[in-house]
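Visitor: Take a look at the letters that make up each chain.
Protein chains: 6
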Amino acid sequence: MKAVIKLGGFVFSEDRPLVADYVKLLRDFVGEHHLVVVAGGGPIARAYINAARTMGIPESLCDQLGILVTRLNARLLVDGLGEYAFSEIPVNIDELKHYFASGKIVAMGGLQPGHSTNAVAAIAAETISAELFVNATDVEGVYTADPRKDSRAVKLDEVSVGRLTEILSNADISAGAYDLMDPLALRIIKRSKIPTVILNGQDPQNLVRAVRYEKVGTKIVHD
Amino acid sequence: MKAVIKLGGFVFSEDRPLVADYVKLLRDFVGEHHLVVVAGGGPIARAYINAARTMGIPESLCDQLGILVTRLNARLLVDGLGEYAFSEIPVNIDELKHYFASGKIVAMGGLQPGHSTNAVAAIAAETISAELFVNATDVEGVYTADPRKDSRAVKLDEVSVGRLTEILSNADISAGAYDLMDPLALRIIKRSKIPTVILNGQDPQNLVRAVRYEKVGTKIVHD
Amino acid sequence: MKAVIKLGGFVFSEDRPLVADYVKLLRDFVGEHHLVVVAGGGPIARAYINAARTMGIPESLCDQLGILVTRLNARLLVDGLGEYAFSEIPVNIDELKHYFASGKIVAMGGLQPGHSTNAVAAIAAETISAELFVNATDVEGVYTADPRKDSRAVKLDEVSVGRLTEILSNADISAGAYDLMDPLALRIIKRSKIPTVILNGQDPQNLVRAVRYEKVGTKIVHD
Amino acid sequence: MKAVIKLGGFVFSEDRPLVADYVKLLRDFVGEHHLVVVAGGGPIARAYINAARTMGIPESLCDQLGILVTRLNARLLVDGLGEYAFSEIPVNIDELKHYFASGKIVAMGGLQPGHSTNAVAAIAAETISAELFVNATDVEGVYTADPRKDSRAVKLDEVSVGRLTEILSNADISAGAYDLMDPLALRIIKRSKIPTVILNGQDPQNLVRAVRYEKVGTKIVHD
Amino acid sequence: MKAVIKLGGFVFSEDRPLVADYVKLLRDFVGEHHLVVVAGGGPIARAYINAARTMGIPESLCDQLGILVTRLNARLLVDGLGEYAFSEIPVNIDELKHYFASGKIVAMGGLQPGHSTNAVAAIAAETISAELFVNATDVEGVYTADPRKDSRAVKLDEVSVGRLTEILSNADISAGAYDLMDPLALRIIKRSKIPTVILNGQDPQNLVRAVRYEKVGTKIVHD
Amino acid sequence: MKAVIKLGGFVFSEDRPLVADYVKLLRDFVGEHHLVVVAGGGPIARAYINAARTMGIPESLCDQLGILVTRLNARLLVDGLGEYAFSEIPVNIDELKHYFASGKIVAMGGLQPGHSTNAVAAIAAETISAELFVNATDVEGVYTADPRKDSRAVKLDEVSVGRLTEILSNADISAGAYDLMDPLALRIIKRSKIPTVILNGQDPQNLVRAVRYEKVGTKIVHD
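Chains as they are written, first to last, in my numbering: chain H, 1 to 223; chain C, 1 to 223; chain B, 1 to 223; chain A, 1 to 223; chain D, 1 to 223; chain Z, 1 to 223.
To be clear, the hints were calculated from the coordinates, so they are not data collected in a lab.
All C-beta atoms, glycine included, are put in the ideal place defined by N, C-alpha and C.
Among these hints, one or two may not hold up.
[What the hints assert, rightly or not] DSSO-like cross-link-like pairs, simulated, lysine-lysine; straight-line CA separation at most 30 Å:
id, chain 1, residue 1, chain 2, residue 2
1, C, Lys24, D, Lys193
2, Z, Lys104, H, Lys24
3, D, Lys24, A, Lys2
4, Z, Lys149, H, Lys104
5, C, Lys104, D, Lys2
6, Z, Lys149, A, Lys193
7, H, Lys24, Z, Lys193
8, C, Lys2, A, Lys215
9, B, Lys104, H, Lys2
10, A, Lys190, Z, Lys190
11, A, Lys149, Z, Lys149
[Said to hold, decoys possible] Computed beta-carbon distance windows for the label pairs:
id, chain 1, residue 1, chain 2, residue 2, range
12, Z, Lys155, A, Val208, 52 to 62 Å
13, C, Leu25, H, Asp146, 30 to 40 Å
14, H, Arg163, Z, Glu83, 49 to 59 Å
15, H, Ala145, B, Asn50, 29 to 39 Å
16, C, Ser151, A, Gly103, 51 to 61 Å
17, A, Val208, C, Leu25, 40 to 50 Å
18, Z, Lys2, H, Asp138, 33 to 43 Å
19, A, Pro147, Z, Asp146, 33 to 43 Å
20, D, Ser102, C, Leu25, 19 to 29 Å
21, B, Gly56, C, Gln202, 34 to 44 Å
22, B, His222, C, Gln202, 51 to 61 Å
23, Z, Glu131, B, Pro43, 52 to 62 Å
Isolated chain H (complex conformation):
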């Protein structure tokens, strides 16, 4: 199966047992699945963005610093995967297409200011005609509201793009603060009807469940 896996920045946080776990998991997928893995930025990205914002640097350049951290995280994946990964990190869609044609796992980070690595993952999924896009976040899936702020929030097993757009419509896009999916990601998922699952990546086994089409997290449904 051709799939895109977005790994949230938390996977690369300082005490980092998770990145090694994911490297092991991804190696097991080789042969069966052909993957693009998109790395998020996490706390280190936020630290650089905050340092930059404090100095009055424009938002788009703060975004760029965050993107550099996501590429650093992608590089750690590439090095850990060794011969199973394509050794370069794509920085545009042409490169992604080119590197993916090698048959190896391609790891990448952000591409451009103004949108999240979720949007990057959606564009990647469109480019490789992915059969599955898994967004491995640090929450169980899509809730009717932000579960960190609202205790009445209920997790949804399935959600339409329209409904999800509504739920997320108040999300803030200042650099580093995107959540779950940004509007650009949603529009791409919608225009190419990309099969998408949002799940909790803190347990790597959830990813195994997703590629086996077992019920996990929240599935985005298309009409």
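For this one, chain H is given, so just place chains C, B, A, D and Z on it according to the hints.
Guide: What follows is chains C, B, A, D and Z alone, placed relative to chain H:
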């Protein structure tokens, strides 16, 4: 004044008197204004996109073909501007920042699939801390509805980002079909409160009016 | 067989049924033939060159605009060919050699001002030690004179490089106006005795005939 | 004065008041001094290197991850310096020479596995024929022994390259663990007799003292 | 005056007093003239080409090796010129245009297989709209025949492009063996009516004479 | 076996029978061994460095000229090896890793000023986790002193890194004058315990002996 000018693809259409007119106008601005000019794709972009879509090529790659046409249009501007323009076309935000630092006019096209050159222009405006972003389209400004489809549509002199988002919320994002502003452009304009004017670029004098802060087209107002 | 196919710009003209036909044909060649396909510029290249020349831009830069259109045409081929094509367009001979080593079809456009994509195709043929170079033009082959201007022109089945040089010696090299073969192409064909056929590419089946060594168009013979 | 300033990774540590202080200081130097600033990696580099080493990644690739962090730190400097800095980070000596010719401050990180950013700074000093190379570390200067391990260590006001080589001869070169100067840095300093000062960069005013040729830290003397 | 100077490979031959002489001369021109200097390959290029040809390497790749030597020669010029030269060597026409806009001397070598550095110099002259193109060879100018082979050869003070084409029509284009001007150079000179002088560069003072429009070598005249 | 072969610059000297011999030998190794071949600079590098030094060019830029010659030598190897070699020359460690993953022979030259191509070869060996690093020099191996200067010098069959460091400790690092191993090479060999043999490459059969683990030259032993 630091400003970003988006020139719609119609400026570069085959019978092309407009591109030469704009080159002349932009040369006159040198000294007074420091500009980034973003070129749209127009009918040639649409022709390539259609040819590609007919062959079943993924949407993101159709977008890429359109982007190549926008860069070709930008190159025509650069060649026409001669020594007044930076001789390279930036293909990412780092290059834009770098080339703009030369003090010359920077011309560019699209950057990435999934969003319009309007979003590119907004990100460029954010990056250079532009005092003005002019979107030179082929309509008079923002209407309460699409004036090509609805005869009751009324042109607005001013519009808030929120109101404009609402008006444009049904826009189609299949490659080459963006209108006026796409959601990413709007979010960037909003987060950095970029002073923005949408006007009719079929009359180049409208651009002169905009940089003189005369009333023309539709102004986006921030709270 | 290792071969270089030059597709004249007419293949990519706006109503474009031909590009899809050629994509289909080239896919069928995979396995049997290993190809470099060089795209010409055609009417869109001429339109950009004319726009540039009108603005007084130097000839070499007009050539460069035409080259960008040939690369755009090559990109359309690459996207249409999908996994059968190498995903990048070479812009110099080192890249050509590198990309061809992938075993995939390599599509490319022009390389440098001052000579035609026919010369590019000849250099490509030399670089890959091609067994055949097919120049798919919009005429039946080489005539004793320009058939569009002289009704007494007779088509030749075979022609020596010396004779062809003579026939073409009055060709104009202003950007975008090359015909059949330019002097540089001829000198390369001569120095490396490249087996070459010039044929009418408006019928894609002529290409099939050429790779089967059937009699078609005009063959360039070496002593 | 043409000078190279090496800023140890501690300048970019998470609570980071220092990077903003240095940005302010460096802006004040513009006009009087023409600078190359080389950023170290610090704790974030060490965290990535450790994560990589845990996964059994070769030392040279661990070094590369550390280099990416140094470039990220350099980027933060560039963004903070705004128009005073050249907007690109050089990744080889040709680029350094090229970017320095702009007359702006050039910020850079590491270049290659196997040696420290101190060696990079020494090569940069040689390339621009620097009149001063300041190594801003987190200790007061060169001691007769490692002051963190040996309480009898005495700070030296001046030291010859030969003596310093001896003192540092037991330094470990596993990625991220270089101290003060590595052997390559020393050999470059020696062959081109580069005027060098090692000082405590935790107080940015020490840098001001060094460029005024006031007594601070440890000066490397040449015969 | 904007001018292009082609320095034959003999300028860079092993005992090399000439390169230092030319560096001195070119520095003196700064302020008065804005130059592109194109370096030839000379004996070292021929040595590499011969080694390659002996191993049966295709002609176009032999050409490429020769081109690398011309760029090495150009680099020696750049390093010798220091701050007076642009620090990068252009490898295509876009880069030439870009680097020339810096106002500094641009040094370059070959660009592409199949033609000489004389053709490169002609294209460069066209690109920068040069007022003079000086080809510094190791002969006094154009003779009615090859003076090294025919003792009756007479030097011409002026020659038309047509006549020169005739004289050179038997030149061999195997890699590294071009003489004076190749056909592509001649066609470029003709199409853009580039004022051109061919002179003996073994005496650098001849270059001084040429830029002062004094009578020296052979002048190519246009109708 | 994965191995790195360093070929001293003498292999590429003007009368050059050796490069063709090595190309033949390396082709025979394909299938059995996966190789990185690092080319030295030799007399041509020294000639360019001397010319540069005479003009007062900084040492690091003299080094860069020497590096360009090593890359030219590597290119000759690549062209001679044809389909057995990766067609591009890596210029940094990321590219080396990337090109080596192709399964083809990778040829390269120097990377950065300040150290020899021996250090490059050591870093390459570390990067690919080489089982053997062969340094093919123009002497029989490591002597107790420089055999060209001291007739009492005795060749060693084995030597520890510590002892070798001592022997070489007086080596001069002015550009182009490195011998056998420079300190950086030694430190890399030591930190990753790279199995290393120094032998006389003037007889290519010595290389065959080394890859068969036969006794030849001097072996570096690790504790």
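Visitor: Are the hints correct? Go through all of them and say.
Guide: Now for the hints, and whether the structure bears them out:
no.: 1; hint: C:Lys24 - D:Lys193; in the structure: holds (27 Å)
no.: 2; hint: Z:Lys104 - H:Lys24; in the structure: holds (27 Å)
no.: 3; hint: D:Lys24 - A:Lys2; in the structure: holds (24 Å)
no.: 4; hint: Z:Lys149 - H:Lys104; in the structure: violated (53 Å)
no.: 5; hint: C:Lys104 - D:Lys2; in the structure: holds (21 Å)
no.: 6; hint: Z:Lys149 - A:Lys193; in the structure: holds (28 Å)
no.: 7; hint: H:Lys24 - Z:Lys193; in the structure: holds (27 Å)
no.: 8; hint: C:Lys2 - A:Lys215; in the structure: violated (45 Å)
no.: 9; hint: B:Lys104 - H:Lys2; in the structure: holds (21 Å)
no.: 10; hint: A:Lys190 - Z:Lys190; in the structure: holds (24 Å)
no.: 11; hint: A:Lys149 - Z:Lys149; in the structure: violated (43 Å)
no.: 12; hint: Z:Lys155 - A:Val208: 52 to 62 Å; in the structure: holds (56 Å)
no.: 13; hint: C:Leu25 - H:Asp146: 30 to 40 Å; in the structure: violated (49 Å)
no.: 14; hint: H:Arg163 - Z:Glu83: 49 to 59 Å; in the structure: holds (55 Å)
no.: 15; hint: H:Ala145 - B:Asn50: 29 to 39 Å; in the structure: violated (59 Å)
no.: 16; hint: C:Ser151 - A:Gly103: 51 to 61 Å; in the structure: holds (59 Å)
no.: 17; hint: A:Val208 - C:Leu25: 40 to 50 Å; in the structure: holds (48 Å)
no.: 18; hint: Z:Lys2 - H:Asp138: 33 to 43 Å; in the structure: holds (40 Å)
no.: 19; hint: A:Pro147 - Z:Asp146: 33 to 43 Å; in the structure: holds (39 Å)
no.: 20; hint: D:Ser102 - C:Leu25: 19 to 29 Å; in the structure: holds (26 Å)
no.: 21; hint: B:Gly56 - C:Gln202: 34 to 44 Å; in the structure: violated (24 Å)
no.: 22; hint: B:His222 - C:Gln202: 51 to 61 Å; in the structure: holds (57 Å)
no.: 23; hint: Z:Glu131 - B:Pro43: 52 to 62 Å; in the structure: holds (59 Å)
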